[in-house]
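Could you build all of it, start to finish, from the sequences and the hints given here?
Those protein sequences? They're chains A and B, same order as listed. Quick note, the first sequence lines up with residues 1 to 570 if you use my numbering. Quick note, the second sequence lines up with residues 1 to 185 if you use my numbering.
A couple of the hints might just be wrong.
[Unchecked claim] Under the rule of at most 35 Å between Cα atoms (straight-line distance), these lysine-lysine pairs were calculated in the DSBU-like manner: (1) B:Lys-72 <-> A:Lys-327; (2) A:Lys-182 <-> B:Lys-72; (3) A:Lys-293 <-> B:Lys-72; (4) B:Lys-61 <-> A:Lys-309; (5) A:Lys-104 <-> B:Lys-72; (6) B:Lys-96 <-> B:Lys-112; (7) A:Lys-376 <-> A:Lys-460; (8) B:Lys-61 <-> B:Lys-18; (9) A:Lys-182 <-> B:Lys-18; (10) A:Lys-104 <-> A:Lys-38; (11) A:Lys-460 <-> A:Lys-40; (12) B:Lys-18 <-> A:Lys-104; (13) B:Lys-18 <-> A:Lys-2.
[Unchecked claim] The calculated label-pair distances, taken between Cβ atoms and stated as ranges, are: (14) A:Thr-511 <-> B:Ala-33: 44 to 54 Å; (15) B:Val-149 <-> A:Pro-547: 53 to 63 Å; (16) B:Glu-47 <-> A:Gln-165: 29 to 39 Å; (17) A:Leu-288 <-> B:Ala-6: 16 to 26 Å; (18) A:Gly-37 <-> B:Arg-85: 56 to 66 Å; (19) A:Gly-107 <-> B:Gly-42: 18 to 28 Å; (20) A:Gly-107 <-> B:Met-152: 25 to 35 Å; (21) B:Glu-124 <-> A:Asn-310: 53 to 63 Å; (22) A:Leu-45 <-> B:Met-160: 48 to 58 Å; (23) B:Ala-33 <-> A:His-343: 34 to 44 Å; (24) A:Asn-310 <-> B:Ala-172: 33 to 43 Å; (25) A:Leu-288 <-> B:Val-171: 35 to 45 Å; (26) B:Ala-6 <-> A:Leu-347: 35 to 45 Å.
[Stated by the list, open to error] Covered by chain B, per the in silico footprint, the following chain A stretches (three or more residues, Cβ under 8 Å): (27) 119-131; (28) 298-311.
Keep in mind the hints are simulated off the structure, nothing from the lab. Here the structure is a predicted model, which means the values were calculated and not measured. Cβ atoms here follow ideal geometry from the backbone N, Cα and C, with glycine treated the same way.
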Amino acid sequence: MKLTGAEILCESLTRLGVRHIFGYPGGAILPVYDALGKSKLHHILVRHEQGATHMADGYARASGGVGVAMATSGPGATNMVTGIATAMLDSSPVVCITGQVSSKLLGSDAFQEIDITGITMPITKHNVVVSRAEDVARTIREAFLIANSGRPGPVLVDITKDAQQASTEFNWDASAPQLPPKRQRNNHDQAEFDRAVELLNSAKRPIILAGRGIMLSGAMRVFEQFVRAGNFPVAMTLLGIGCFPAKDPMNLGMMGMHGEAWVNHAIQESDLLVAVGMRFDDRVTGDLRTYAKGARKIHIEIDRAEINKNVQVDAALIGDAREVLEKLLPVLEKRERSDWLAHIRELKGDSAVRDIQNLPDSGHLYAAHVINDLWKETRGEAIVVTDVGQHQMWEAQYYHHDQPRTLITSGGLGTMGFALPAAIGAKFAMPGSEVWAVVGDGGFQMTMSELATIVQEKIKINIAIINNGYLGMVRQWQEFFYDKRYVATPLVAPDFAALANAFGIRGERITSRGDVIPTIRSARESSETVLIDFRVEQEDSVYPMVPAGGSLHEMIRRPNNPLVETATEP
Amino acid sequence: MMKNEAAMQTLVAYVENKPGVLNRVASLARRLAINIDSLTVGPTENEEVARMTIVAHTDEKGAHRLEASLEKLVDVLLAENISERSVLERDLALIKVLADQQSRPHLMELIKVFRARVVDVAPESLILEVSGTVDKIDGLLEVLRPFGVLEMARTGRIAMTRGGDLLRPPVASGQQQLPEPVGRK
Chain A
1 MKLTGAEILC ESLTRLGVRH IFGYPGGAIL PVYDALGKSK LHHILVRHEQ
51 GATHMADGYA RASGGVGVAM ATSGPGATNM VTGIATAMLD SSPVVCITGQ
101 VSSKLLGSDA FQEIDITGIT MPITKHNVVV SRAEDVARTI REAFLIANSG
151 RPGPVLVDIT KDAQQASTEF NWDASAPQLP PKRQRNNHDQ AEFDRAVELL
201 NSAKRPIILA GRGIMLSGAM RVFEQFVRAG NFPVAMTLLG IGCFPAKDPM
251 NLGMMGMHGE AWVNHAIQES DLLVAVGMRF DDRVTGDLRT YAKGARKIHI
301 EIDRAEINKN VQVDAALIGD AREVLEKLLP VLEKRERSDW LAHIRELKGD
351 SAVRDIQNLP DSGHLYAAHV INDLWKETRG EAIVVTDVGQ HQMWEAQYYH
401 HDQPRTLITS GGLGTMGFAL PAAIGAKFAM PGSEVWAVVG DGGFQMTMSE
451 LATIVQEKIK INIAIINNGY LGMVRQWQEF FYDKRYVATP LVAPDFAALA
501 NAFGIRGERI TSRGDVIPTI RSARESSETV LIDFRVEQED SVYPMVPAGG
551 SLHEMIRRPN NPLVETATEP
Chain B
1 MMKNEAAMQT LVAYVENKPG VLNRVASLAR RLAINIDSLT VGPTENEEVA
51 RMTIVAHTDE KGAHRLEASL EKLVDVLLAE NISERSVLER DLALIKVLAD
101 QQSRPHLMEL IKVFRARVVD VAPESLILEV SGTVDKIDGL LEVLRPFGVL
151 EMARTGRIAM TRGGDLLRPP VASGQQQLPE PVGRK
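Encoded structure:
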């Protein structure tokens with residue numbers, strides 16, 4: 001059967017199980033769009049190509065499968081760069097397909113020609129130019145294989161216009177991936193494994209650091225068995241949230257810069273860190289010279305390049321988290337560790353005092369209350385997609401996720417503007433799930449044009465803008481470290497509710513705490529997208545906070561009542 | 001424990017013999033802020049595979065990161081730090097040196113001592129070819145300098161582990177696994 005390169009692309013995507021493509025057309029990708037129109041693939045027209053990549057990323061994170069974004073050459077491709085980097089830093093399997101000028105024009109500075117493979121080389125797991133129709137099917141299959149195997153990541157496939165237009169014989173079976181043969185490494189020898197087991201069984205004060213790798217390897221069940229078997233307390237990275245139920249008594253909560261104080265103290269006092277599918281990011285460790293000094297370290301990690309990168313470990317178990325945990329489980333000895341667990345409970349103190357629901361209503365609206373009310377109203381079952389900044393940290397602290405893939409957030413790159421498009425992508429991946437975009441007034445203004453995508457596609461999500469009139473996290477740093485010189489952080493915003501109306505979306509504005517729950521309820525009951533503009537306290541800060549480069553146990557606590565990390569007084 | 005002093009680290013890599021791979025390797029070293037002292041690349045007995053010798057100025061930790069990160073590149077089949085192993089190392093240089101009637105006999109003696117070869121003779125100059133360790137070539141260069149070195153070209157180091165310590169490119173083994181269909185894991 002003879003098909004054009006463009007038709008082969010659509011046929012290959014269909015056979016790979018793709019149903020949705022987030023993209024934006026243009027000259028150099030037009031043959032593909034023409035073929036798309038004849039296929040069963042659902043193309044979602046975005047308003048900016050950055051949105052397409054974030055949507056594909058949100059789709060991938062919510063589903064565990066590959067998300068697909070598409071753009072034309074030149075500016076279409078360069079607009080994808082931030083989204084690709086976001087996916088790279090958080091190991092998200094995204095395949096980006098870009099059109100390119102015809103192969104005979106390559107290198108001639110033709111209209112809308114740009115070297116996108118050169119530009120994206122350091123921010124993709126792999127990228128490739130396809131200049132022959134014969135190579136389209138094999139390359140796209142290789143792209144999917146690379147994106148979602150090992151440590152996942154984005155792959156960009158740049159297809160010249162002549163390769164899209166040329167006709168060739170299409171044979172699926174003959175176009176199987178042909179990746180270069182890789183050396184099979186012996187990941188860890190028996191001695192390394194035995195050393196890890198010895199450390200696990202002899203530890204008095206162990207703590208597990210749980211990362212996103214647990215989710216990526218589908219290790220949730222064996223991880224829970226592992227925790228039970230060893231009676232290990234668990235601290236979560238931001239991206240690990242959801243891989244182990246928040247309601248589980250062994251789950252201590254988030255670690256790091258804005259982690260819970262007792263979690264950071266427990267890490268500093270531990271005698272063994274068991275890091276699973278995480279990479280000792282600087283936001284997690286603080287000052288490396290004072291990080292968990294009394295602890296031995298075991299690192300369970302699929303990426304060999306992460307071993308000893310930031311933290312020197314005593315045993316490195318390289319491999320898929322699920323496989324390694326399955327291997328460790330039978331040799332783990334049951335330990336009570338009651339002294340250690342009691343000590344952590346002591347560090348935690350009386351949680352009823354801290355529960356913000358029990359705090360008196362001061363008449364002010366605080367972001368933490370909004371997030372906590374959202375958690376209660378959705379019974380913790382919604383997929384929450386956040387942007388970056390204060391609201392992101394409050395979400396991590398006050399929305400308690402019990403299910404994997406229900407918190408979607410840009411952790412590594414910290415990309416503002418991520419939430420709205422990623423929420424749209426998550427909704428397409430999980431149409432039966434309730435999706436909330438939780439976003440600051442700054443980040444929302446970066447990609448709010450995607451409201452039109454919501455309307456055009458007639459999808460239902462909810463949008464909670466945590467609006468404090470500042471670039472809040474930057475303002476907080478200026479408050480703490482720059483003597484309250486608020487340079488370029490006060491932020492004028494449009495009337496978001498009126499803006500939503502202009503797009504044909506229902507908009508609400510909430511200024512008092514009593515209106516939070518009724519409005520959340522009403523938004524949930526609506527069959528259409530609702531945007532809620534929560535006007536929260538302007539100069540509230542996220543506590544506790546480990547200053548950048550500071551020691552993990554030296555946190556800035558909320559003034560007045562350090563036990564209560566959220567606000568009580570105006 | 002790994003050593004933290006920066007030193008010359010020698011890595012060998014087998015890569016796909018196709019355009020752009022050198023760029024990926026060089027770009028990776030740049031991204032890791034590792035200074036490459038020399039990088040040589042040439043074909044192997046298998047025309048689809050090229051062999052690189054990378055000499056980088058970094059510590060052992062940096063060399064580990066470079067090695068592991070190189071192997072993550074799809075087009076890199078194998079990368080290995082051979083600095084701590086028994087290694088044969090060779091560099092080759094072409095050196096054009098001033099040689100008049102007076103200095104020529106003296107030059108010829110030095111050439112003999114260093115086991116270099118004269119590969120081009122002109123009235124006023126010679127081109128010498130010398131291969132060996134970097135130290136040997138540096139040593140020859142040092143003694144030639146007073147005669148007047150006009151031009152020099154060096155290949156950079158190539159390295160091979162000695163004896164039975166083989167470092168060969170992996171070969172394709174059967175079919176690649178097929179990608180999972182899109183959907184919930």
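Do the hints match the structure? See the list:
1. B:Lys-72 <-> A:Lys-327: 24 Å, holds
2. A:Lys-182 <-> B:Lys-72: Holds, at roughly 10 Å.
3. A:Lys-293 <-> B:Lys-72: With Cα atoms ~31 Å apart, Lys-293 (chain A) and Lys-72 (chain B) stay inside 35 Å; holds.
4. B:Lys-61 <-> A:Lys-309: This hinted pair holds, its Cα atoms lying about 8 Å apart.
5. A:Lys-104 <-> B:Lys-72: Judged against 35 Å, a Cα distance of about 32 Å means the pair holds.
6. B:Lys-96 <-> B:Lys-112: Holds: Lys-96 (chain B) and Lys-112 (chain B) sit about 16 Å apart, inside 35 Å.
7. A:Lys-376 <-> A:Lys-460: Holds - the C-alpha atoms of Lys-460 (chain A) and Lys-376 (chain A) are around 20 Å apart, at most 35 Å.
8. B:Lys-61 <-> B:Lys-18: 29 Å, holds
9. A:Lys-182 <-> B:Lys-18: Status holds; Cα separation ~16 Å.
10. A:Lys-104 <-> A:Lys-38: 28 Å, holds
11. A:Lys-460 <-> A:Lys-40: Holds, at roughly 22 Å.
12. B:Lys-18 <-> A:Lys-104: Holds: Lys-18 (chain B) and Lys-104 (chain A) sit about 19 Å apart, inside 35 Å.
13. B:Lys-18 <-> A:Lys-2: 29 Å, holds
14. A:Thr-511 <-> B:Ala-33: 44 to 54 Å: Given range 44 to 54 Å: holds, Cβ gap about 49 Å.
15. B:Val-149 <-> A:Pro-547: 53 to 63 Å: 56 Å, holds
16. B:Glu-47 <-> A:Gln-165: 29 to 39 Å: Given about 31 Å between the Cβ atoms, the range holds.
17. A:Leu-288 <-> B:Ala-6: 16 to 26 Å: 19 Å, holds
18. A:Gly-37 <-> B:Arg-85: 56 to 66 Å: At 59 Å between Cβs, range holds.
19. A:Gly-107 <-> B:Gly-42: 18 to 28 Å: At 26 Å between Cβs, range holds.
20. A:Gly-107 <-> B:Met-152: 25 to 35 Å: At roughly 33 Å between Cβ atoms, Met-152 (chain B) and Gly-107 (chain A) fall inside 25 to 35 Å, so the hint holds.
21. B:Glu-124 <-> A:Asn-310: 53 to 63 Å: 58 Å, holds
22. A:Leu-45 <-> B:Met-160: 48 to 58 Å: Since the Cβ atoms of Leu-45 (chain A) and Met-160 (chain B) sit about 56 Å apart, the hinted range of 48 to 58 Å holds.
23. B:Ala-33 <-> A:His-343: 34 to 44 Å: Between Ala-33 (chain B) and His-343 (chain A), where Cβ atoms are some 41 Å apart, the hint holds.
24. A:Asn-310 <-> B:Ala-172: 33 to 43 Å: Holds, since Asn-310 (chain A) and Ala-172 (chain B) (Cβ atoms, about 35 Å apart) stay within the stated range.
25. A:Leu-288 <-> B:Val-171: 35 to 45 Å: 41 Å, holds
26. B:Ala-6 <-> A:Leu-347: 35 to 45 Å: Given range 35 to 45 Å: holds, Cβ gap about 41 Å.
27. 119-131: Since three or more residues must qualify, the claim that chain B covers the stretch 119-131 of chain A holds, with 4 doing so at under 8 Å.
28. 298-311: holds (count 6)
Every hint, counting from the list given before, is met by this structure.
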